[in-house]
Amino acid sequence: MKALVLIGVLVVILAIVGGVLGGTYNSLVKKSTTIDAQWAQVETQYQRRYDLIPNLVNSVKGYMTQEKTIFDNLAAARTKYGSATTTDEKAVAGGELETTLSRLLVVMENYPVLRSVEAITSLMDELAGTENRISVERGRYNTAVRDYNTAIKTFPGNMMAGMFGFTQHEYFKSVSGADQVPKVEF
Amino acid sequence: MKRWLCAAGAAVILAGLAGGLVYAQTFPPPIGFVSDFANLLSPQARTELEARLSRLEQEFTAEVAVVTIDSLEGDTIEDYAVQLFDNWGIGAADEDNGVLFITALTEREVRIEVGYGLESIITDGRAGRILDREVIPHFKDGDYEAGILAGAAAIENYIRNGTPPPFIEDNPVGNVVGGKVPMWLIVTLGIITIYMMGFMARTKSIWLGGIWGIVVGLVLGLVLGSLIATILLPIGAGMVGTLLDLLLSRNYRQRKSSNQSTGWWRSGGGFMGPYAGGGGSSGGFGGFHGGSSGGGGASRRW
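Just so you know, the sequences run in chain order E and Z.
To get the numbering used here, take the position in the first sequence, counting from 1, and add 326.
To get the numbering used here, take the position in the second sequence, counting from 1, and add 240.
No lab work stands behind these hints, which were simulated from the structure alone.
Here a beta-carbon is modelled for each residue, glycine too, at the ideal position from N, C-alpha and C.
Some hints could be false.
[Said to hold, decoys possible] Once the Cα atoms are required to be at most 20 Å apart in a straight line, the calculated SDA-like pairs of lysine to any residue come out as:
id, chain 1, residue 1, chain 2, residue 2
1, Z, K380, E, R441
2, E, K387, E, N436
3, Z, K380, Z, R348
4, Z, K380, E, K394
5, Z, K380, E, S442
6, E, K406, E, K499
7, E, K416, E, G345
8, E, K416, E, R404
9, E, K416, E, F490
10, E, K394, E, N436
11, E, K499, Z, L486
12, E, K416, E, I361
[Claimed, not checked] Between beta-carbon pairs, the in silico distance windows are:
id, chain 1, residue 1, chain 2, residue 2, range
13, Z, D315, E, V337, 47 to 57 Å
14, E, G344, Z, R400, 47 to 57 Å
15, Z, N327, E, M485, 31 to 41 Å
16, Z, S360, E, E444, 18 to 28 Å
17, E, V418, Z, R295, 48 to 58 Å
18, Z, S360, E, K394, 33 to 43 Å
19, E, E369, Z, F277, 30 to 40 Å
20, Z, D315, E, Y497, 52 to 62 Å
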């Protein structure tokens, strides 16, 4: 009789522990998937920017004949992003593209005539919108990473993480210089 | 044990740090489709705009929130807009078809933030053009009301013209009758209803009325061509039908037991079932529905 009770208690405890661990594992997988999905959102916006740049460059080049270096840098950064394959490479190249592009956008402020061309205004809106989308999706990516990293460092997630090899995800850090306003030389 | 404590401590610190990075903000709840916190609109304009946006939501499920605030309190308008958008959940959750048209008075900044689902219709370029053409000229003259009304009208226009046809337009029933409830249909349904009331009264059960109500509601909803009507009309009409049947059955039994005539004594109620359900699809602001945006749209200063 006593043995039966003991076995019963053990079974119940095992069931509870198993349930908790299973639930934790599933939630870790879910959080990890969320991070991947969120990164895909960031890359979608990167791609959008990548596609928009040639349009912008072609429509403003004629007005900005003195800014050859900017266009060259932009083209180089764009090519680099285009050939990036891994997530890390894309993150770095995307950051560089952002720096050169924001430089162009700042310099464009010096050409008031561009503002009066509706096609260019629209393009700039699209690009500004894309930049804003990128920062929004990146912020959400970091939130997802924080959620996950916290989960694998706290109990009971830390046990599951150790057993099944869940490792920390990196936060998205802006490329050095990307947060500084580009200098404009005349 | 020590390592556990360390890990837990590190996690808490990390969570605290990360939490500190996110700009924590509280937002007032929405007043309606129009939330004029900065009092830039006259009462008539507010009511009129609210009614228009409410109609737009009923017809297209797209939710346009017009918001004015005194100050962004140090935030950028882009950041404020995306957070407010998420906080309120403007647009239907599965379609993300919301638009936030927000004006910050102190910073003299205005933004149209577009939900994911409408990005293909109100592109960033279009959003910028709306602001340039319709809004900013009025704002520069200090006429905020005119700017807001014109901007909202332009947004509404894009949604009305650009929305893929509501699902019913591809629907054979809708095609046959052209989107309006024709007279013959009402008469036919009415006659059948009156005829069926006889059965409803004689049967003890009350489900016949309910089912007939649902059928009528469904037909009318499909013909009207809106998803909301198709869902709400059957529910409303079904309930009314059930009630009607309950009433009829009870009356019948009472009359029968007191040996009164059980002939056509309630034909005037014949149209009740199909009509009463219509009330369900009208009505004003019922809260936003969980849509989200990802930073699309355009901003301007004036």
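Each hint, compared with the structure:
no.: 1; hint: Z:K380 with E:R441; in the structure: holds (17 Å)
no.: 2; hint: E:K387 with E:N436; in the structure: holds (14 Å)
no.: 3; hint: Z:K380 with Z:R348; in the structure: holds (10 Å)
no.: 4; hint: Z:K380 with E:K394; in the structure: violated (36 Å)
no.: 5; hint: Z:K380 with E:S442; in the structure: holds (18 Å)
no.: 6; hint: E:K406 with E:K499; in the structure: holds (19 Å)
no.: 7; hint: E:K416 with E:G345; in the structure: violated (39 Å)
no.: 8; hint: E:K416 with E:R404; in the structure: holds (11 Å)
no.: 9; hint: E:K416 with E:F490; in the structure: violated (28 Å)
no.: 10; hint: E:K394 with E:N436; in the structure: holds (15 Å)
no.: 11; hint: E:K499 with Z:L486; in the structure: violated (67 Å)
no.: 12; hint: E:K416 with E:I361; in the structure: holds (16 Å)
no.: 13; hint: Z:D315 with E:V337: 47 to 57 Å; in the structure: holds (55 Å)
no.: 14; hint: E:G344 with Z:R400: 47 to 57 Å; in the structure: holds (55 Å)
no.: 15; hint: Z:N327 with E:M485: 31 to 41 Å; in the structure: holds (35 Å)
no.: 16; hint: Z:S360 with E:E444: 18 to 28 Å; in the structure: holds (20 Å)
no.: 17; hint: E:V418 with Z:R295: 48 to 58 Å; in the structure: holds (50 Å)
no.: 18; hint: Z:S360 with E:K394: 33 to 43 Å; in the structure: holds (35 Å)
no.: 19; hint: E:E369 with Z:F277: 30 to 40 Å; in the structure: holds (37 Å)
no.: 20; hint: Z:D315 with E:Y497: 52 to 62 Å; in the structure: violated (22 Å)
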